[in-house]
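So the protein lines, in turn, are chains A and B.
Be aware that the first sequence starts at 464, since it is given in this note's numbering, and climbs by one per residue.
Be aware that the second sequence starts at 464, since it is given in this note's numbering, and climbs by one per residue.
It is worth saying that the hints were derived from the structure and are not from the lab.
Any given hint could be a false lead.
You can't tell identical chains apart in this list, so a pair holds if it fits in one copy or across any two.
Calculated pairs, DMTMM-like style, for lysine to aspartate or glutamate (alpha carbon to alpha carbon, straight line, at most 25 Å) [claimed, not checked]:
hint, residue 1, residue 2
1, K628, D708
2, K654, E481
3, K601, D500
4, K532, E728
5, K597, D500
6, K524, D711
7, K786, D697
8, K524, D730
9, K509, D530
10, K724, E535
11, K628, E727
12, K628, E682
13, K740, E517
14, K564, E499
15, K564, D530
16, K642, E557
17, K735, E557
18, K629, E727
19, K721, E499
20, K724, E598
21, K724, E560
22, K673, D711
2 protein chains.
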Amino acid sequence: MKIVDGVNYTNWSRKQFESLKKAKVNLVHVSVVYWEDTNETFKVFKKWEKYFHENKDLIIKIETVSDIKKAETEGKVGIILGWQNSAPINSDLELLECFFKQGLRVMQLTYNNQSDIATGCYEQNDSKITRFGKEVIKEMNRLGIAIDLSHINNESGLEAVELSKKPVCVSHSIPIFSKNSERNISTELMKAVASKGGILGLSLYPLHVKNGSDCTLNEYCKLIEETVSVMGIDHVGIGSDLCTDHPDSVLQWMRCGKWLKVSEETDNYFKKAIWPKPMSWFKEIGDIHNLIDGMRKYGFKNEEIEKLMGLNWIRYMETVLPK
Amino acid sequence: MKIVDGVNYTNWSRKQFESLKKAKVNLVHVSVVYWEDTNETFKVFKKWEKYFHENKDLIIKIETVSDIKKAETEGKVGIILGWQNSAPINSDLELLECFFKQGLRVMQLTYNNQSDIATGCYEQNDSKITRFGKEVIKEMNRLGIAIDLSHINNESGLEAVELSKKPVCVSHSIPIFSKNSERNISTELMKAVASKGGILGLSLYPLHVKNGSDCTLNEYCKLIEETVSVMGIDHVGIGSDLCTDHPDSVLQWMRCGKWLKVSEETDNYFKKAIWPKPMSWFKEIGDIHNLIDGMRKYGFKNEEIEKLMGLNWIRYMETVLPK
Numbered sequence: 464m465k466i467v468d469g470v471n472y473t474n475w476s477r478k479q480f481e482s483l484k485k486a487k488v489n490l491v492h493v494s495v496v497y498w499e500d501t502n503e504t505f506k507v508f509k510k511w512e513k514y515f516h517e518n519k520d521l522i523i524k525i526e527t528v529s530d531i532k533k534a535e536t537e538g539k540v541g542i543i544l545g546w547q548n549s550a551p552i553n554s555d556l557e558l559l560e561c562f563f564k565q566g567l568r569v570m571q572l573t574y575n576n577q578s579d580i581a582t583g584c585y586e587q588n589d590s591k592i593t594r595f596g597k598e599v600i601k602e603m604n605r606l607g608i609a610i611d612l613s614h615i616n617n618e619s620g621l622e623a624v625e626l627s628k629k630p631v632c633v634s635h636s637i638p639i640f641s642k643n644s645e646r647n648i649s650t651e652l653m654k655a656v657a658s659k660g661g662i663l664g665l666s667l668y669p670l671h672v673k674n675g676s677d678c679t680l681n682e683y684c685k686l687i688e689e690t691v692s693v694m695g696i697d698h699v700g701i702g703s704d705l706c707t708d709h710p711d712s713v714l715q716w717m718r719c720g721k722w723l724k725v726s727e728e729t730d731n732y733f734k735k736a737i738w739p740k741p742m743s744w745f746k747e748i749g750d751i752h753n754l755i756d757g758m759r760k761y762g763f764k765n766e767e768i769e770k771l772m773g774l775n776w777i778r779y780m781e782t783v784l785p786k
Numbered sequence: 464m465k466i467v468d469g470v471n472y473t474n475w476s477r478k479q480f481e482s483l484k485k486a487k488v489n490l491v492h493v494s495v496v497y498w499e500d501t502n503e504t505f506k507v508f509k510k511w512e513k514y515f516h517e518n519k520d521l522i523i524k525i526e527t528v529s530d531i532k533k534a535e536t537e538g539k540v541g542i543i544l545g546w547q548n549s550a551p552i553n554s555d556l557e558l559l560e561c562f563f564k565q566g567l568r569v570m571q572l573t574y575n576n577q578s579d580i581a582t583g584c585y586e587q588n589d590s591k592i593t594r595f596g597k598e599v600i601k602e603m604n605r606l607g608i609a610i611d612l613s614h615i616n617n618e619s620g621l622e623a624v625e626l627s628k629k630p631v632c633v634s635h636s637i638p639i640f641s642k643n644s645e646r647n648i649s650t651e652l653m654k655a656v657a658s659k660g661g662i663l664g665l666s667l668y669p670l671h672v673k674n675g676s677d678c679t680l681n682e683y684c685k686l687i688e689e690t691v692s693v694m695g696i697d698h699v700g701i702g703s704d705l706c707t708d709h710p711d712s713v714l715q716w717m718r719c720g721k722w723l724k725v726s727e728e729t730d731n732y733f734k735k736a737i738w739p740k741p742m743s744w745f746k747e748i749g750d751i752h753n754l755i756d757g758m759r760k761y762g763f764k765n766e767e768i769e770k771l772m773g774l775n776w777i778r779y780m781e782t783v784l785p786k
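Make a model of the complete structure from these sequences and hints.
Here you go:
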C-alpha cells in the first residue's frame, strides 16, 4: 500500500527520517516556511540540501513526476518541499521561479492573515484573489507548483479554484460540517476543489478535529466516510499536520510570526501557545497504520483505503508537478 | 509665506535641491520607495544620508518637530522621507521601528494593490484593515510615522481613519466629485480625514486631474475652493506628485513593480507607460508661484493661501511627528 502524508511539519532529523521509512511512508509534503522572508527561505532550502545529502539512504527530493517513480524504485521516502505561506515572495513574481529552482513544489496562498495574494481564514473581510494573486496563480500553474488552499478564507479559496488551470489541493483541513471553525473548510469549497480534480488532505491535528484530542478512531473513520460522500473517493487523502519534536515556542511563532508583538495585553491564545495533546491512536507517523487498521475495521474496502492513504495524493502530484 | 509640498517624486540631484531652494519651498515630503524590498530600502536610506551630507547647505533631514524649526532657522529646505507603499515591511512589525530609525516618517498603507495591511485603489474587493494592518497602525501612531491614505481603496481608508489615534494624511489625491477615478478620493473619506484633524494634499499630476494636462489654472483654483468647502480651510494642502527628470521606464516600474510580468499580452497601460504632459502653468516646482498668484487672482485671501500652501501641512506634521 502506498502511503502519502499531505503535509507534515516535524522538526526533522535523521531519527525522524528513519521513522518515516519505518512507517513505510512513500511521499511526504514537508512544510518548510511559515513567516520567513526571502533570504531566510533561501537558507531553509540550503538546509534541506544538507538533509538530502546526509540522509540519501532514506530520503529523496521530489521535483518532478519522474522523481516520484524514482523514489519508489529506490525504496526511499520522497520529500516534496512546500510553504504554508507566501511571505518569501513579497510581491515579487519572479521570485516564484527562483524558489521553484530551489525545489518549491507547494505553496499556500496565505497563512491565517491577509497576504498580497489572498485572504487568510482568520480575517474578517475577504478581498478574494488580488491583482497580484491572479498573476501568482498563472505563474504557479506554468511552473508546476501546487496551489494549497489550507488556512485560506472561503471566498478567496473559491476564486482560486476557479482561476487555476490545474487542480488545487487543501493539504490539511477538516470539513466545517464536522467542526465549525474559521480554520476549517466549507462544503462549497470542498465540492469546488473536487470538481476540478483537486484533493483535500484530512488533518490529524487535534485542534482542527471535532472532540479534539479525544476524537476516537471510529469517529475519525466516520469523518473520512462523510468527507468522501461530499468529494468522492478520488479526492480525499490524509494531511497529518504532525508537528513532532517542536517546543511550544514554535507554536507561538506559527501563530504570531512577525506580525504581532506579544505583550502583557496580548490574548492568551497567542501568548501561551501550547501544543495540543495528540489523539491516543495518532501520536506519531508510525501510527498511520492504526488509522489504516481502523479504516479496515470500519468497513472501507481495500481499494478505497489505497486511494485515501496514498494513490489520490500521488495522482494529484502527478497532475501538477513538472514531468 | 511658508510653502510645503505634500509629496514629490523628483529624480533628486543637487540641481533639483537648488530648484527647491530657489522656489522658496520650506518642506517637502519626498517619496523614496514604491516596490522596493527590505534590503533595497535600507540602501535607499543610505543614499539619502549621502544626499543630506553633500547638500547640507541646501537641505536638512526632518525627523522631529524641532527639525522643522531648525530648517526654518537655518533657511534650508526640510526633507521628510516617506514611502508610497508598505512593501519593505513584509509582515514584519519590528521593521517599522528599524526604518523609523533610518528616518521614515510617512508610509502609505498600500500602493494600488492589496497589501498585507489594506486594499489598494485598483483592487475589485476591499478587505479593509487586516489583522496585521491594525498592529501596523498602532505602531505607526506610537513611533510617529504619518499614515498616508493615497492609493488606498475607500473602505480601507475609512477604517484606517477610524483606527488611527493620530490624524492621517492623503498626501496626493483629487476628489472623485471633480474627477471620477478609482485612484481619487471619495467625499466620505475626505470628510472623515478632516473630522479627525487630517489633511488632503491636492495632486498636480495631470492624470489625476479633471481635463488632465489641459486643466487651467482657474479650473484648479475652483477645485481648491470646492475641496475646502468639503474639508474646511485647515485640512487642505498641496501634494504636487512631481516626477521631474525620470525616464518613462520609471513610470512602468511604478505601475508594474515586481508584481506584473510585462509581455506581448500585457495591456498598453502597463506596457507603454509614458509620463503625461504637465499642465502649462505647473511644469516644475518653481511654478508653485504661478499657483499662488492664480489663487490670489481667483479671490483667495492671503490668510487662506498661507494655510493651503504650507501652514496646514506644517501643523499636520507637528501633530504626528515626534517632538
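Right, here's what the structure says about each hint:
no.	hint	in the structure
1	K628 x D708	neither (37 Å within a copy, 43 Å between copies)
2	K654 x E481	neither (37 Å within a copy, 65 Å between copies)
3	K601 x D500	both (22 Å within a copy, 23 Å between copies)
4	K532 x E728	neither (52 Å within a copy, 37 Å between copies)
5	K597 x D500	both (21 Å within a copy, 21 Å between copies)
6	K524 x D711	neither (29 Å within a copy, 45 Å between copies)
7	K786 x D697	within (21 Å within a copy, 64 Å between copies)
8	K524 x D730	neither (40 Å within a copy, 39 Å between copies)
9	K509 x D530	within (19 Å within a copy, 46 Å between copies)
10	K724 x E535	neither (45 Å within a copy, 38 Å between copies)
11	K628 x E727	between (47 Å within a copy, 21 Å between copies)
12	K628 x E682	neither (35 Å within a copy, 50 Å between copies)
13	K740 x E517	neither (32 Å within a copy, 62 Å between copies)
14	K564 x E499	both (18 Å within a copy, 23 Å between copies)
15	K564 x D530	within (15 Å within a copy, 49 Å between copies)
16	K642 x E557	neither (39 Å within a copy, 35 Å between copies)
17	K735 x E557	between (38 Å within a copy, 21 Å between copies)
18	K629 x E727	between (46 Å within a copy, 23 Å between copies)
19	K721 x E499	both (9 Å within a copy, 19 Å between copies)
20	K724 x E598	between (32 Å within a copy, 8 Å between copies)
21	K724 x E560	between (32 Å within a copy, 12 Å between copies)
22	K673 x D711	within (22 Å within a copy, 58 Å between copies)
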